[in-house]
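S.K.: Now for the letters of each chain:
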Amino acid sequence: KNEVEQSPQNLTAQEGEFITINCSYSVGISALHWLQQHPGGGIVSLFMLSSGKKKHGRLIATINIQEKHSSLHITASHPRDSAVYICAAEILIQGAQKLVFGQGTRLTINP
Amino acid sequence: DAGITQSPRHKVTETGTPVTLRCHQTENHRYMYWYRQDPGHGLRLIHYSYGVKDTDKGEVSDGYSVSRSKTEDFLLTLESATSSQTSVYFCASGGQGYTGELFFGEGSRLTVL
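Sequences listed follow chains S and G, in order. Here my numbering is used: position 63 in the first sequence is 44, and no number is missing along the way. Here my numbering is used: position 82 in the second sequence is 75, and no number is missing along the way.
Since the hints were derived computationally from the structure, they do not count as laboratory data. Since we're looking at a predicted model, the values are computed, not measured. For each residue, glycine too, the CB sits at the ideal point set by N, CA and C. Among the hints, erroneous ones may be present.
Below are the DSSO-like pairs computed for lysine-lysine, each with C-alpha atoms no more than 27 angstroms apart in a straight line [stated by the list, open to error]:
#	chain 1	residue 1	chain 2	residue 2
1	S	34	S	49
2	S	34	S	79
3	G	63	G	4
4	S	79	S	36
5	G	50	S	36
6	S	36	S	49
7	S	79	G	50
8	S	35	S	79
9	G	50	G	63
10	S	79	G	46
11	G	50	S	49
12	G	50	G	4
Ranges between beta-carbon positions, derived for each pair [claimed, not checked]:
#	chain 1	residue 1	chain 2	residue 2	range
13	S	1	G	0	36 to 44 angstroms
14	S	63	G	81	15 to 23 angstroms
15	G	47	S	-2	43 to 51 angstroms
16	S	11	G	60	24 to 32 angstroms
17	G	19	S	61	27 to 35 angstroms
18	G	7	S	22	25 to 33 angstroms
19	S	47	G	106	49 to 57 angstroms
20	S	19	G	3	14 to 22 angstroms
21	G	11	S	50	40 to 48 angstroms
22	S	34	G	11	46 to 54 angstroms
23	G	46	S	45	34 to 42 angstroms
24	S	50	G	47	31 to 39 angstroms
25	S	57	G	72	45 to 53 angstroms
Modelling step: build the complete structure from the supplied sequences, incorporating the hints.
M.R.: So this is what it looks like as structure tokens:
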């Protein structure tokens, strides 16, 4: 079982809908990252969280350290939001930070 | 301006040949990583580095070696390429303890015939 699990794996929605992608992790972490990858494209960092909530435009990321859970929300979704969204947890292993990735959520927003 | 670059971006090679991918960052980050990305598997860690000459294995390290002789460069070597190593390779870097943003390279598409 992966230390970082995302859900859903695939999500299709209509333009304008509110989107939620979930990320759960099973070990203590020092921070959690949300990343975006467009088809055939590179990987872009969206957020880095260690507590609470962050907002950037229509994107909101939250984290609950006690519940070991983070969510990425997209308000007023648009077809250009179609991408793979990946959460990555920073885990301290034997004194060194290690990034562990979720499997990704493929989001498709239809016009 | 990209803080991290990879080279080459595309490479086609034959089975049994050695291949080296280079990752170069200008952010003075302590941590650097090499991942491969394959359909159905997401990003899988090959090797990572937590400082000059300090490296460790990831979950799919067999057939790969790395070197980091200076902070800005992290090299990934396939000692004898196999078809199963056909993939897209990404490097990443972040600050100590990842107190800030992660930077990813553009990816290197490797095809082993």
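S.K.: If a hint holds in the structure, say so; if it doesn't, say that too.
M.R.: Now the hints, each set against the structure:
With a CA separation close to 14 angstroms, the supplied pair residue 34 of chain S and residue 49 of chain S stays within the 27 angstroms bound. Distance hint between residue 34 of chain S and residue 79 of chain S is fulfilled; the C-alpha atoms sit about 23 angstroms from each other, no more than 27 angstroms. For a cut-off of 27 angstroms, the pair hint linking residue 63 of chain G to residue 4 of chain G stands: about 25 angstroms separates their Cα positions. Note on residue 79 of chain S and residue 36 of chain S: the hinted pairing holds, with a Cα-Cα distance of about 25 angstroms set against a maximum of 27 angstroms.
Annotation: proposed proximity of residue 50 of chain G to residue 36 of chain S is violated, straight-line Cα distance about 35 angstroms (limit 27 angstroms). Under the criterion of a C-alpha separation no larger than 27 angstroms, the hint pairing residue 36 of chain S with residue 49 of chain S is consistent with the structure, at around 20 angstroms. This hinted pair checks out: residue 79 of chain S and residue 50 of chain G have alpha carbons roughly 11 angstroms apart, not beyond 27 angstroms. Straight-line distance between C-alpha atoms of residue 35 of chain S and residue 79 of chain S comes to about 23 angstroms, which keeps the hinted pair within the 27 angstroms bound.
Taking the CA atoms of residue 50 of chain G and residue 63 of chain G, the gap is about 19 angstroms. The hint holds against a cut of 27 angstroms. The suggested pairing of residue 79 of chain S with residue 46 of chain G holds, with an alpha-carbon distance near 17 angstroms, which does not exceed 27 angstroms. A threshold of 27 angstroms between alpha carbons decides the hint, and for residue 50 of chain G with residue 49 of chain S the separation of about 26 angstroms falls inside it, so the pair holds. Taking the CA atoms of residue 50 of chain G and residue 4 of chain G, the gap is about 24 angstroms. The hint holds against a cut of 27 angstroms.
The hinted window of 36 to 44 angstroms between residue 1 of chain S and residue 0 of chain G holds, with their beta carbons roughly 38 angstroms apart. Roughly 19 angstroms separates the CB atoms of residue 63 of chain S and residue 81 of chain G, a value that falls within the hinted 15 to 23 angstroms. Checked against the hint of 43 to 51 angstroms, the pair residue 47 of chain G and residue -2 of chain S passes, with Cβ atoms roughly 46 angstroms apart. Between residue 11 of chain S and residue 60 of chain G the beta carbons are some 27 angstroms apart, a value that agrees with the proposed interval 24 to 32 angstroms.
The hinted window of 27 to 35 angstroms between residue 19 of chain G and residue 61 of chain S holds, with their beta carbons roughly 29 angstroms apart. Between residue 7 of chain G and residue 22 of chain S the beta carbon distance is about 28 angstroms. The supplied range of 25 to 33 angstroms therefore holds. Checking the proposed 49 to 57 angstroms range against residue 47 of chain S and residue 106 of chain G shows it holds: the Cβ atoms sit about 51 angstroms from each other. Residue 19 of chain S and residue 3 of chain G have their C-beta atoms about 18 angstroms apart, which keeps the hinted 14 to 22 angstroms range intact.
For the pair residue 11 of chain G and residue 50 of chain S, the supplied restraint of 40 to 48 angstroms holds, since their beta-carbon distance comes to about 44 angstroms. For residue 34 of chain S paired with residue 11 of chain G, a C-beta distance near 47 angstroms keeps the hint of 46 to 54 angstroms intact. The given range of 34 to 42 angstroms is respected by residue 46 of chain G and residue 45 of chain S, whose C-beta atoms sit roughly 38 angstroms from each other. Hint check: residue 50 of chain S to residue 47 of chain G, Cβ distance near 32 angstroms, so the stated range 31 to 39 angstroms holds.
A hinted range of 45 to 53 angstroms holds for the C-beta pair residue 57 of chain S and residue 72 of chain G, which are about 50 angstroms apart.
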